[in-house]
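> Chains as they are written, first to last, in the working numbering: chain A, 152 to 547; chain B, 152 to 547.
None of these hints come from the bench; they were simulated from the model. Because the structure is a prediction, the values reported are computed rather than measured. Among the hints, a few may not be true.
If chains are identical, the list can't say which one is meant, so a pair holds when it fits in one copy or spans any two.
[Stated by the list, open to error] Calculated cross-link-like contacts (lysine to any residue; reagent style SDA-like; alpha-carbon spacing at most 25 Å):
#	residue 1	residue 2
1	Lys401	Ser199
2	Lys258	Lys380
3	Lys464	Ile403
4	Lys258	Asp379
5	Lys258	Asp202
6	Lys380	Trp293
7	Lys401	Asp197
8	Lys401	Glu227
9	Lys451	Ala462
10	Lys192	Gly453
11	Lys401	Gly232
12	Lys452	Phe345
13	Lys401	Trp293
14	Lys407	Ser199
15	Lys258	Gly421
16	Lys258	Val378
17	Lys258	Ser545
18	Lys342	Ile332
19	Lys402	Ser199
20	Lys261	Pro365
21	Lys402	Thr516
22	Lys261	Gly421
23	Lys451	Asn314
2 protein chains.
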Amino acid sequence: MSRINDSGNIGVMGTGQTKFGELWEESIETLAKQSIDESLKEAGLDISEIDLLVVGNKLVQQLEGRAHVGALIADEVGYEGPTIHVEGACASGGLAVRQGLLAIKAKTAKRVLVVGVEKMTDVSVGEIGRALMSAASEEEYWAGATFPSIYGMMARAYLEKYNLDEDVLAWPSVKNHDHGIMNPLAQYQKKIGFEKVNKSALVADPLRQLHCSPVSDGAAAVILSGVDKCEVEIIGSGHAGDSLGLHGRKKIWTMKATKTAFKKALNESGMSIEKIGLVELHDCFSITELLALEDMGFCKKGKAATMIKNARKDGYWKIEVEGNRGGLVVNSSGGLKACGHPVGATGVKQVVEVARQIGQKVDKTRRIKELEVGATHNVGGSGATVLVHVLKKSRN
Amino acid sequence: MSRINDSGNIGVMGTGQTKFGELWEESIETLAKQSIDESLKEAGLDISEIDLLVVGNKLVQQLEGRAHVGALIADEVGYEGPTIHVEGACASGGLAVRQGLLAIKAKTAKRVLVVGVEKMTDVSVGEIGRALMSAASEEEYWAGATFPSIYGMMARAYLEKYNLDEDVLAWPSVKNHDHGIMNPLAQYQKKIGFEKVNKSALVADPLRQLHCSPVSDGAAAVILSGVDKCEVEIIGSGHAGDSLGLHGRKKIWTMKATKTAFKKALNESGMSIEKIGLVELHDCFSITELLALEDMGFCKKGKAATMIKNARKDGYWKIEVEGNRGGLVVNSSGGLKACGHPVGATGVKQVVEVARQIGQKVDKTRRIKELEVGATHNVGGSGATVLVHVLKKSRN
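Only chain A is shown next, with the shape it has when bound in the complex (with noise of 0.2 Å):
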């Protein structure tokens, strides 16, 4: 298999991405229109430049009963060209804009519109939660189970396999709430402290209310080009799947998913681990980004949670990682915890944070500084669908 970008390199040419929050003014066309028009903008494009439309959704046919979303979201902006609607769970993100990267490298397309956009607060908590839960396999969702008891069987096969205390928990949920105080498009800008995050209510033992992400509204854009000179490209994708449910697994205190995706991206990248300076990794719970970081192999297993809290905090909290000097940032938009996670959009929205901090493009007050190479991760169900994108800056 070679490179994803053998014929040239990827460029990302514009990104877009509203506010996440509870956005009930909004529709997923007029959320997915202002980040279009965002990325149009700084891509400098017309959208007649645009050769495909890669709409990345999972709830809107089961939410709303609409369906041809590629072509529903084409018509809110004007285009009259090919599009494709993808679903992956909450990985549709990451899954958009793998295809969007393969239609480039088919040589297909040479500029690829990718759009991630989803509307979940406009129905009730258990519409919502039974929406999700369809992304998981039928025998766990007729015995009742949910993604927070999933994910809370996992966290305390996790806890049990490597002896460690449920507080430790807590430590993804404070960082990401402490970065996402910075990040004006997060959901929440709200400190919230180890304590507070132990003494949330329990909602599926061992985790918390203030272990899991929220339910959120919004959308990201990412116009991907094979002929334009870009300030940031993608040099690595990797899409790996697992079984649906957590009863097909030998080991449910690791992702097996997330390291075959990871792999796949960085050996097409040709970087090492250590030179990835951010990763914007999928913490739906706060378990998932421990099993994240380790697995893709930025420590050993069972040592997350303490390489995160002995992070330095110098704006970010910047984690040692060896042979890295500059230091790891995880989730310098929030994360999904404090940035939300409106399900289609957060893998787009993912790459537009990694291109935006590698190209200087966010605001001064959170600019991760001479960030070259930097790392997404998206993840559908409880671990069937894993994207991981490797970016980095430019040489030209």
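We have chain A already, so just place chain B on it with the hints.
Chain B in isolation, oriented as in the chain A frame:
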């Protein structure tokens, strides 16, 4: 833009198709599994030798509230690799085939399993009508239009533009039922005469019941390979869009996206149109077949019905096309009208039918002799998404 098979041709290594019809004992998983198992058997592959699973499905999220559809089907067949679910209304199947081609062309996969599946007959007529209508524009939806009425308006405009009698709309249905009689996988094996079509109940003027494709269950699968010698190859792929609603189009007696997608696919294939001996095209309504034949260029505008009426009857209706000695068979499967239209499966079934006809793999009684080149044409909505593929007999 280069040909999709620049880096070596992409072969059809295996095919599978369930019977189409009202299959009340089956679910989307069991249908998908049947077609997948058949395709793997034909290819001589184990599921573990597949690099990517692409699922085309439009309705399961809406009708059954289930998501993560790629992983859902994967789970049923014991596949743990990467999966994608694509949705493009009734062109979801063709879109899935194209994503499979792109993944191989982009060198991220060697062998891709593409499955299209739909389960439509378990809900009420009102529910399925509403779910289908979700692929149209909001303006059409809220005005109370249905797809029969949208295509009815196209048919009325077409008949007036070319000064034709309503009864010519019957010819695609009469022909496709004659073809369906020969296909054991077709939903209907029943002759219908010209008079009968024209006396069937009016659904949306001028469209009558027997101008309309049915509601169906079914699945179809193809295994695409970039590395194996195959008897049949996909040598061209075209994907085009248009405005979502009819009100966005200047002419509604033509389908712009059919023209664009067919031109792209034919250009890629390096073939001229008279080489095509079979086209499986999207006759969701009889008007759609007439528009498709004309927009692809098999005859002049307004002439398709006469062309079909004057076909030689030689088992199949063989249409006289300038430069094509053997004649053109249109919808040997029976088309959407007689074979059935499980929407997400249709675009994949078209590729299965053409590949099997070229590879001489259908029952002797219904083989098209000396067939070298065939094409498929799959429409989403009223033409906002169109996919065309061109297949040929391999020279290896």
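> Identify every previously stated hint that the structure contradicts and give their numbers, smallest first.
3, 6, 10, 20 and 21
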